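A.B. asks: Put together the whole structure using the sequences plus the hints.
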Amino acid sequence: MPIPLKSHASWLVLLFLSNAVVPTSGDTLSGLSAYPDCAKPCIISATQGGICGLDNQACICSSAEFSANVTSCVETRCTITDSLVVQNISRVDCDETPRDRSNELKVATITVGTVAGLFVMLRLGYKLMISNVALAMDDWLTLATMIVVIPNLIITINGTIPNGLGRDIWTLTPDQITTVIRFFFTTAVLYFALTTLVKLLFLSFYLKVFPTRVVQQILWGTFTVTALWGVGFVFLTIFQCQPISYFWQKWDGLHDGTCLDANTIAWANAASGIALDVWILAIPLLQLRKLQLKWKKKIGVVLMFLVGAFVTIISILRLKSLVTFAMSSNATWDYFDVTMWSIIEISVGIMCACLPTVRLLLVRMFPALSDSHSRSLGQTDHQYASGARSRHRSTAGNTIQGAGASKLGRNSSPKDGLSGIMLQKAYSVHYTEVEDRGSVALSDSGLLRSERDMARKS
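Letter by letter, the sequence shown follows residues -26 to -1, 1 to 432 in mature numbering (1 follows the signal peptide of the UniProt record, and there is no 0).
Think of the hints as simulated: they come from the structure by calculation, not from any bench.
All figures in this text were calculated on a predicted structure; none of them were measured in a lab.
A couple of the hints might just be wrong.
[What the hints assert, rightly or not] Cross-link-like lysine to aspartate or glutamate pairs, in silico, EDC-like; alpha carbons within 20 Å at most:
#1 K294 - D235
#2 K80 - D142
#3 K294 - D311
#4 K224 - D235
#5 K80 - D308
[Stated by the list, open to error] Just the calculated beta-carbon pair ranges, DEER-fashion:
#6 V66 - A249: 45 to 53 Å
#7 S219 - R263: 51 to 59 Å
#8 D29 - A249: 54 to 62 Å
#9 M103 - V252: 35 to 43 Å
In this text, a Cβ means the ideal position worked out from N, Cα and C, and glycines have one as well.
C.D. replies: Right, dumping it as structure tokens:
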């Protein structure tokens, strides 16, 4: 996400009003030696104002009035870099423990990234090695999304976290601040690209599942709008500052350049992205009543689609963290939640898109998980028993029938009865495919037309 960096004065006001303090050293001013030269007159002036004496550490650490006096002086005399030094020294002298959530973010990033990668491997592995079918558009988009995810995770783990993400900004060196903001910029561009790819991934899957002309037109229209939306925000993020490098250099107030409002870009992307998510989720739910599924299976399909709604919920939580972040002067600490929710949002989106194929893989490994498989076995056993009884009564000329199956000859011989048993087995398999047609289509086969043709031939 773009980083909202304040003006020079705003940074100093927020930094010092947040319990900015100074060290003491008995009745001397030796404690001032650690401070930048620009801040020393401000500290001396504040102590001479009678609010806190140099030997009153408790007052210095808690007095908002003392901090305000120091702030009003330092913001006119010191650079942002020097003000951060003052902030760090004062907090250390007041025995504040440095905050660090970097390891928490690292563990979460590795965990969700690994799980998402495993889902992609299962999806592509099933398609290429088990079902032996050519990769479709949604499969290629899944692969493309994962290819973009990998550098995003690497930058987060080896770039932003080591350079201060999850720590207070005043504990970092100027070089670390510049570096971490440069990595923020890169991950912001990748994030906008990834959210677009995930949305296109879901749309391409729906294009396989819903073949009717009207729905196809709606989906292709949404696909085009989403692609343009993503490209627009990627370019807007890249070129929001002139020169581009001003994005990660402007924080110190020593460089010249111009930037668009980073908060406006971030909120516009988040709000419009949530609206697109809701629309993309509504398309399959509105079409569900037209699918040839029993009500129990429809509930299962609804639950599968509603898992995708979890991505939208995460987007809303991320938008909430953006509101807090927009008011922050401590970017490396407050950007933690934004980064965390962004990584979870993308990873969960990938996992949701892979669920239909993972379901197929699980059903193949554990057939008992499939309701249609159980019904098929029961139907086969029942028909086999009926066929056996018919064989013993074959002289009566029994007829073996089934829904959608051809009638056998009315004057059956024992030999013909054996043929009837074989036909019943073929019927049960055919029954299973027709019964589970909608489920198979929703399980990533995307072959509705082919299944109908097979049904007619049967």
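A.B. asks: Does each hint hold? Answer for all of them.
C.D. replies: Status of each hint after checking the structure:
{"no.": "1", "hint": "K294 - D235", "in the structure": "holds (18 Å)"}
{"no.": "2", "hint": "K80 - D142", "in the structure": "holds (17 Å)"}
{"no.": "3", "hint": "K294 - D311", "in the structure": "holds (10 Å)"}
{"no.": "4", "hint": "K224 - D235", "in the structure": "holds (13 Å)"}
{"no.": "5", "hint": "K80 - D308", "in the structure": "holds (16 Å)"}
{"no.": "6", "hint": "V66 - A249: 45 to 53 Å", "in the structure": "holds (46 Å)"}
{"no.": "7", "hint": "S219 - R263: 51 to 59 Å", "in the structure": "holds (54 Å)"}
{"no.": "8", "hint": "D29 - A249: 54 to 62 Å", "in the structure": "holds (59 Å)"}
{"no.": "9", "hint": "M103 - V252: 35 to 43 Å", "in the structure": "holds (36 Å)"}
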